[in-house]
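A.B. asks: Protein sequence lines, in the order shown, are assigned to chains A and B.
Quick note on the working numbering: the first sequence kicks off at 1 and runs consecutively.
Quick note on the working numbering: the second sequence kicks off at 1001 and runs consecutively.
There's no promise every hint is true.
30 Å max Cα-Cα, derived DSBU-like pairs, lysine-lysine [claimed, not checked]: (1) A/Lys-135 with B/Lys-1203; (2) B/Lys-1203 with A/Lys-6; (3) A/Lys-264 with B/Lys-1170.
Rather than coming from a laboratory, the hints here were simulated on the basis of the structure.
Here is how the chains run, residue by residue.
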Amino acid sequence: MMGPIKIDPVRALEEALTTQRKLAAALQTLRNVDDVHFGVTDKEEVYREDKLVVYRFKGDKPPTAKVPILIVYALVNRPYMVDLQEDRSLVKNLLSRGEDVYLIDWGYPDRADRWLTLDDYINGYIARSVAAVAKRTGVKKINLLGICQGGAFSLCFAAMHPDKVKNLITMVTPVDFHTPENMLSSWTREMDVDLFVDTLGNVPADLMNQCYLMLKPIRLNQQKYIGLMDILDDKVELENFLRMEKWIFDSPDQAGEAFRQFIKDFYQGNKLVKGGLKIGTQEVHLGDITMPVLNVFAEQDHLVPPSASRVLGEHVGTKDYTQVAFRGGHIGIYVSGRAQREVPSAIHEWLAKRAS
Amino acid sequence: MADTPNPDWMNQWQALARQYANNWQNAAQSVPAASQAHSATPGFEQWSQLMARGPSSQGETIERLVGSAKSYAAYMQSLFATASANPQGSNLPWGNAFAQGFANPSTSSPLFEHPAARAWREMAAQGGPDFASFAASLQAPPTADLSELKTWLKLPTFGSSREQQEHYQKAAVAAVEYQEQMNRYNALMMKASQRGFELFEGKLAEREQPGRQVESLRALYDLWVDAAEEGYAEIALSIEFREVYGALVNAQMRVRSLSQHGIEHFCAEVGMPTRSEVNSIGERLQALRREVRARGDDSLAGEIAALREEFAAFKGKRKSAQRDAEAVERTPVAMPRKATVTGKRATKSKTEATKKVPVAAKADPSKKKATKQTAPTKRPRSATTKKAMRRNTAASAQAAAEAPTPGSRNFASRIAKFANASLGTSRARARQPEQRTKSRSAKAR
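Given these sequences and hints, build the entire structure.
C.D. replies: Written as structure tokens, this is what we have:
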């Protein structure tokens, strides 16, 4: 019978010493590394309101698609994840396939934005951004691509304004917030969100980040940085790591009122599927979503479990529903090598079939 | 690794462990201001301090890397120490080695101080110095009987400063309750760590077969991380955790809220604006913005619809007026010269009017009246003024023709009146043939 551990002492010492050397080198390298940049695709501003800016991305060639795509990203992170770097860009890949891509950049809310509600975001900002893109491109309806929380917003918008959305694409979007694997949802259930928002006002980004890191505390707070020592001699890999690191911690504060309603109605009440969700004065029924829907989710998503996404097909009113399960995580769906090959193609091909 | 005791093996481990510890000490001494370090981790502190000097774009990443490396170094060190001290060969208590490694007091991230628990402390500190000092000042010693303390804090208050004293008591109770919830949370984190070790042992047991054994310190560490995360996830998804977590968040918010209340009270006393007041202004402003936008959207939509309706009616009446004008023009009665001249000019004037005059203004009866009144009632004195008057007359004639009023039926007679008033009938008659030609050529075009 053998023991489970077969560590050669000499090799172990060598490993420890190597770690030590790597760490010393790591600290020196990191000290001298310049700040990393992101957002590689050229873009132009087409609409601005308060802190929101709608950008149009410029491809190497004019778009062939007649209907533009407007990307609605989550409020909780910065949207440049979809255009992180040259070889990891959902935007770039969509442009190269002839799509006309726009994106809402929500900016960084401050205390002046504390009273923005979900109605202000969905029936205000998103509605006016959609109108601006539609006017600019001369179409009545546009394609909406909602990501994560932005996907939930897009579902609400499409349900309330089906006349303005030609095709709806949701990526890693939570729909049923009460599935058993949803750790974030479980944590919010006993929270007194009124006390929380009344006390904090806007919800600080650092607090949100801590919350996300606590989903996998040892992996995300410790193991990741031990792994960093292995890639320090690879400049490209190191920059990739740092770019991702920057994105993770570059989070905006959350407008208090919108946060209050999102936690109450979506996380605690699960009203998107249970019913009774009101945005402003209008009630949201997923059954009112009658345009074609493509739902892309990640099978190893620890933030939005696949079970939370895959139920969308049961609730929307459309008969043209497609879902794509991506083998990867919540972030990998934008930045992994497989994602670059699979996700933009899936979106483009699905849209092309519905272009007429 | 053999499953029988091996004295040679143990000797090697002991020697290597000593060598390893010495190496860390040497590394620690190689940086300025070396401390009297006896473990691996002081070296990290010094590196960290050294690296933090001078500008760096990656300061936060360095900080996180150093924090993690400290734990990892402690882990490696503890494995060596455990192996050196234990004569049982392959039956080494690896679980204990892990526990010792991560619970090393010289590391900032020991295992039992779970990262999640540490995160909560950091969150508490985010309230700023006021919150931190307030919470710290009210924090009871860990051994205190918190329920007894709370009873004392609920004693009735008296006197002129009764309200303030009540507030302090409430704040103190909230701080004690926060401490209680934090203790419950830490107990759960301990449970998660223990569950992680159970799973770790299970994972090790699965690797006893040749070819599946763990062959490096790093692989062992990664295996432990897998187990620890699984153990944590089991606890973190439990109903018990949900309740404890919610209670902890709520308790912290109550302390923060009462702390803010105290600060506001102070600010109000010294005449400074408070957060509540600024919030109130912000709320009203946002409500006002919504109202203005809603009104703007509604009234614009209504106005556009009304204008479209008016424009449709206007188009119909204009056609009718044009037909009337053409009918008058075709009659053999001699037309006043200027009235016909304006037929050509009117085309230009009409275009200008369409361009410049808002649709709403065109439809406004008061504006129509004003336009009519632009016709001069007195003879102009100079030639230039006359020219201007002629243009005015032309424009007025056109406006009259376009006006969707019953007056358009009397188009010709009104034109004649204006022309007579400004130019005189005799001159108009004298130029009549030329004008007719112009009119025809304009028509032909």
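A.B. asks: Tell me if the straight-line CA distance from B/Lys-1203 to A/Lys-6 falls inside 30 Å.
C.D. replies: Roughly 14 Å separates the two Cα atoms, so the pair holds.
A.B. asks: Below or equal to 30 Å on CA atoms is what counts here, so check A/Lys-135 against B/Lys-1203.
C.D. replies: Answer violated: A/Lys-135 to B/Lys-1203 is near 60 Å, above 30 Å.
A.B. asks: Regarding the pair A/Lys-264 and B/Lys-1170, is the alpha-carbon distance no greater than 30 Å?
C.D. replies: holds (27 Å)
The structure does not agree with numbered hint 1 stated previously, though it agrees with all others.
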